[in-house]
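**Q** Letter by letter, the chains look like this.
There are 6 protein chains.
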Amino acid sequence: MRSDNRTAGQLRPIKITRHFTEYAEGSVLIECGKTKVICTATVEDSVPRWLKGTGQGWVTAEYSLLPRSTQTRVSREAAKGKQTGRTVEIQRLIGRALRAVVDLNALGERSITVDCDVIQADGGTRTASITGAFVALVDAVDFTFGGAGKFPITDFCAAISVGIGSDGPITDLCYEEDSAAIVDMNVVRTGSGNLVEVQGTGEHGTFNRDELNALLDLAEAATDELMAKQREVLGTTANKVGKEFPTAPEV
Amino acid sequence: MRSDNRTAGQLRPIKITRHFTEYAEGSVLIECGKTKVICTATVEDSVPRWLKGTGQGWVTAEYSLLPRSTQTRVSREAAKGKQTGRTVEIQRLIGRALRAVVDLNALGERSITVDCDVIQADGGTRTASITGAFVALVDAVDFTFGGAGKFPITDFCAAISVGIGSDGPITDLCYEEDSAAIVDMNVVRTGSGNLVEVQGTGEHGTFNRDELNALLDLAEAATDELMAKQREVLGTTANKVGKEFPTAPEV
Amino acid sequence: MRSDNRTAGQLRPIKITRHFTEYAEGSVLIECGKTKVICTATVEDSVPRWLKGTGQGWVTAEYSLLPRSTQTRVSREAAKGKQTGRTVEIQRLIGRALRAVVDLNALGERSITVDCDVIQADGGTRTASITGAFVALVDAVDFTFGGAGKFPITDFCAAISVGIGSDGPITDLCYEEDSAAIVDMNVVRTGSGNLVEVQGTGEHGTFNRDELNALLDLAEAATDELMAKQREVLGTTANKVGKEFPTAPEV
Amino acid sequence: MRSDNRTAGQLRPIKITRHFTEYAEGSVLIECGKTKVICTATVEDSVPRWLKGTGQGWVTAEYSLLPRSTQTRVSREAAKGKQTGRTVEIQRLIGRALRAVVDLNALGERSITVDCDVIQADGGTRTASITGAFVALVDAVDFTFGGAGKFPITDFCAAISVGIGSDGPITDLCYEEDSAAIVDMNVVRTGSGNLVEVQGTGEHGTFNRDELNALLDLAEAATDELMAKQREVLGTTANKVGKEFPTAPEV
Amino acid sequence: MRSDNRTAGQLRPIKITRHFTEYAEGSVLIECGKTKVICTATVEDSVPRWLKGTGQGWVTAEYSLLPRSTQTRVSREAAKGKQTGRTVEIQRLIGRALRAVVDLNALGERSITVDCDVIQADGGTRTASITGAFVALVDAVDFTFGGAGKFPITDFCAAISVGIGSDGPITDLCYEEDSAAIVDMNVVRTGSGNLVEVQGTGEHGTFNRDELNALLDLAEAATDELMAKQREVLGTTANKVGKEFPTAPEV
Amino acid sequence: MRSDNRTAGQLRPIKITRHFTEYAEGSVLIECGKTKVICTATVEDSVPRWLKGTGQGWVTAEYSLLPRSTQTRVSREAAKGKQTGRTVEIQRLIGRALRAVVDLNALGERSITVDCDVIQADGGTRTASITGAFVALVDAVDFTFGGAGKFPITDFCAAISVGIGSDGPITDLCYEEDSAAIVDMNVVRTGSGNLVEVQGTGEHGTFNRDELNALLDLAEAATDELMAKQREVLGTTANKVGKEFPTAPEV
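Chains as they are written, first to last, in this note's numbering: chain A, 1 to 251; chain B, 1001 to 1251; chain C, 2001 to 2251; chain D, 3001 to 3251; chain E, 4001 to 4251; chain F, 5001 to 5251.
If you are wondering where the hints come from, they were derived from the structure by calculation, not from laboratory data.
All figures in this text were calculated on a predicted structure; none of them were measured in a lab.
Any given hint could be a false lead.
Unchecked claim - To spell it out: a stretch of chain C is covered by chain F in this simulated footprint if at least three of its residues, at any positions, have a beta carbon under 8 Å from a beta carbon of chain F; those stretches are:
1. 2018-2031
2. 2202-2213
Unchecked claim - Which bits of chain E does chain D cover? Going by a derived footprint, with three or more residues having C-beta under 8 Å, they are:
3. 4013-4027
4. 4113-4123
5. 4231-4240
Ideal Cβ placement from N, Cα and C applies to all residues, glycine included.
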């Protein structure tokens, strides 16, 4: 039995609040147990220099822990003048995960920057960021979408952490479980059931193929559940994902 | 009449939520109209080198805008590798304001870091930060307070922005009013009625002594109202501010 | 009686030397007692990107302490790779103060950078910088002025520090007085008698409205005296300030 | 058929040269086809602050591309003053991979820094770095090993990149293949057959469980081959890996 | 007698390997005793902003020690985020030395960046860098040379370190000799016999004109020998140096 | 004839003002024609970590151009966050030059930092810095000198720039001459007539041994003249240089 009485494959309570702040084109607060992340998506009508004139857009992500989102305060990166290796790694992961479900040509020459700011951290902040950022991204893309043509988001996308604890494979590790896990794995998956990212690491041990498969089974069930949640929260907007709209809406 | 129908001296609706996040010794969400700031106070049992062995503590502040707290996204300072001049100026102001009502000797050799992270910015973020940070500071100090001796917070402290708009002096400027103001002034005041900081600036014009006095009158009324709100939110803890407790509580 | 026998409202001996170095369009050495600052104003025929095509110019300031301008050596900011918060705050203040008396449209698409380098620091370096920088700015603007139209400097501008010492309000604090002051205030004022900046801070105490008014009275007298000195030093050039010249001079 | 006539599961020619430079305790040049990396391991008798007094050692890695190791020159990170996100991510991966086969207690309070400097890059530089760094690490640990007790390296460790190209899964991608791959996966494995890291990414597509398994099959065969090569190159030193030596050698 | 049995004026064994790596337009490994430097020359079809439109090219150099090129590991400059003063000084010297034998007009609007990465350091790394970089530069220039007109390299160029040890002046100091030298001098010379750079420093003593002349005599003999080596290694390409080719080669 | 009517070997008018600022242990303004440098020497009772416990002191230098010391403004290094290569090179040169005439054991465990801040630059700023810094250094050392034992300054030290212009070798080049010089050489020399540094560079040409000797002849005459000036300015303090005082002075 886990410390919060969950079963091995059980997610923590999840809550996704759209339109959390007012100014961003997409703004979401995602809560996975005590982990809370503000995800905003900002649309800008310009692209990085290497994409100018290609007709293609770009999606990128930034990630940060508020200094006291954690049990002991972490230094503010802006004050130290540099981002840690962990931060850089996470924001690259979020960006890659989101781009996997964006048709950059359909997006056109626009940049979307997704900011994931963790206000409370209890494990799984990077996967919660991806799951929440997807919803913010859909809202931001919808904000710019003309109403006809291909909707630039091609599929759903959610992420979860799984790991091997002292009693075997478990889903959605809280900080305490994460610190003790023998193996830690982050999995990003799409609505079609395919994998986008699999990052398994054995800091306190190694793992075999059977264990890997058990972890992936847990991750598949969890991400299916998360994507159902995303769909529910997005309401009718969810139906645009992966669609092509042949004619412009009547005005 | 102001854009949101307020009178010249009227504050925006104010809401202070204590215990907003779980880990910090003091954690407050302050909302002044659309301006929303998370203020956390972290206690550490160490002091800067120049205070070691003096028996004295220290209080310092850090400030940041979330990238999309604003109407157009501002670059993340951690990504640029340096804090802007504006950020540095604001966090110095917050630190000075709070120290004015802390007895650093009564605090003992402890550091308190107050983090003010703006999640939505509609003018007055630095003064909202001070007003909210004061409540977080009281909670954090109370967390460490033994129960006897001098309570290290000596008085209440709140701040407000006032300014001269096209129709004369006004209180608690929103972003739109702030951008158009001829004179902008931030005032920090204590429960005793005294001033801690007066920072008046005429970027789009200058001001005379009469105008200065009109602005200070508005600021006095507003900070009185804000300190009443702090007192209400702090409940019985408010009574410890400025007190000396002769004997330890019975156990 | 003050340590150097001055009365409460008395300025230290002030000396302003124009054309102190040869290359800058404006170059001034200002000495206020032992405080000595080199102020140079450089004119460049370009503006920051956000002003391009607006026909408007810009005035900005940089400030630095020479490492051994002070009683104990301060680290060289260039060697540490970053400017301190204090430096950033001061150069923003100097820039705002000067822009208050410049008609940026009359200046045209030119940038003026005022460098204030303190070679000896005995309190009041930021206000001495403003008072000296004004003279350098007038010289630099005059250097570029065609002879007809509006002279881009609209009024005089000088600054002073005042504060509350153990014997009450005093003017033009030296370092020793500044360190001991209960309240410290910097005031920037124009020739018309209006205020541009009022920055009062109580690090070692707070202050009431009467004390604030006493400080402002001292500051008004002091800045009047400083502006008389600027006028005297500028000679006939002083007469151009605030003037409009209807026809070009005969050649 | 692949551009260099390899079969899908075939490694490029591999060459590992020990004692490549003279000063490092371990120094290896690893060549995987055209990819060439100098891996040195440096032993220092100190540990990071958070390990002082624990009796435990530490292993960390740094990684760099020589500016012209690549087809077009990349900027020197030292000149730009910061490491790219890619560099940071890679050096974190190398460090984690190596620590998975080091008994940090058996190592004692020593730090080993492994430097992986790529002098020619044709794909697979991070996995070649791990495979080469392992050999340098064994040499460096052997250099400090007293001859009795547990040898601090507990198992072999090698890494390979696999991916899905237009003709299906392939092993050991060169730069050209890597750029075109739909899915790219780096796998780190130990001599016991277990996995340490699995990092699969679909930048140009997603992948299903069957494809993941096909990639892992290729990676297992390839890392077995690489570890046989490490064993051959290490000669009798290879026998110390994973051993405990009950008595000190006679002298 | 010197530690490695050389006579006072004797060079260490020198070996220059062209085409050391595959991608750079010029790529050389130079070995002077145990000192080993990879010198690559990269041609880019652009010039620094201040040369645009002048028809003139530019040659610049970067230098780095691999962290474990030395007897004790030096910190990686990219990780510290800045280059040391020593590095900056050396790369400026290499750039100046090479430009002395390049006709920047004949080069045309191209930039050549020479990277000198030391993989093993036993004294004389900056002079070995210059001698090796010259060969890489000739190859890179030849790569871009159309076959008619002035060959942009006007003369040979090599460098050597000389110094005064306990037994008098010596040539090509190894690290041990360099550390003990009373005077250390680096000399850059051209094929015409002229001097490009003379940098003599007395950290552990001073020197007189006679000693200076003795050092220069040693340096002249050594650089003659080094340039003969460069000529031999370059083969027929050596003949292009300093030549003008009146007509394009028949095709 | 030179632009300012000097003969080839003639120095510009030189003026050395001691005690230029009040706080530094040594403070000098040196003026060589229009070149003006403030040199201060600061004594601190601590040494870099690598000298702790050795009984030895250290002397180091920092150098800076005030932004408008030059004909067109140079960016402030503190604002850019890094020192240029030129600055680093110059401050290393000044430090080495001064250490050549300091007995670091006689100095004891003290650090002296010499700051050379150029307030007006017309060529020869690095050599003027050395010549002026020497005088500041003597004053600072004298300030700490107990009166008995070896005076830590062992000899005089001055520096000059010489170069080859269109009419042959000249001494003490102003900016205009320096820009046009074929060869530029900086020479540091001691009172004993020995050389400390010779740095000759041919950016616009090369030079032969005869030209080198002609330049050194000019440099010897010039530095003799400069050291006579130093001696004159130092008055009786000059007599302590290079002396050993057997008994403490009577009190």
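**Q** Which of the listed hints are broken here?
**A** 2 and 5
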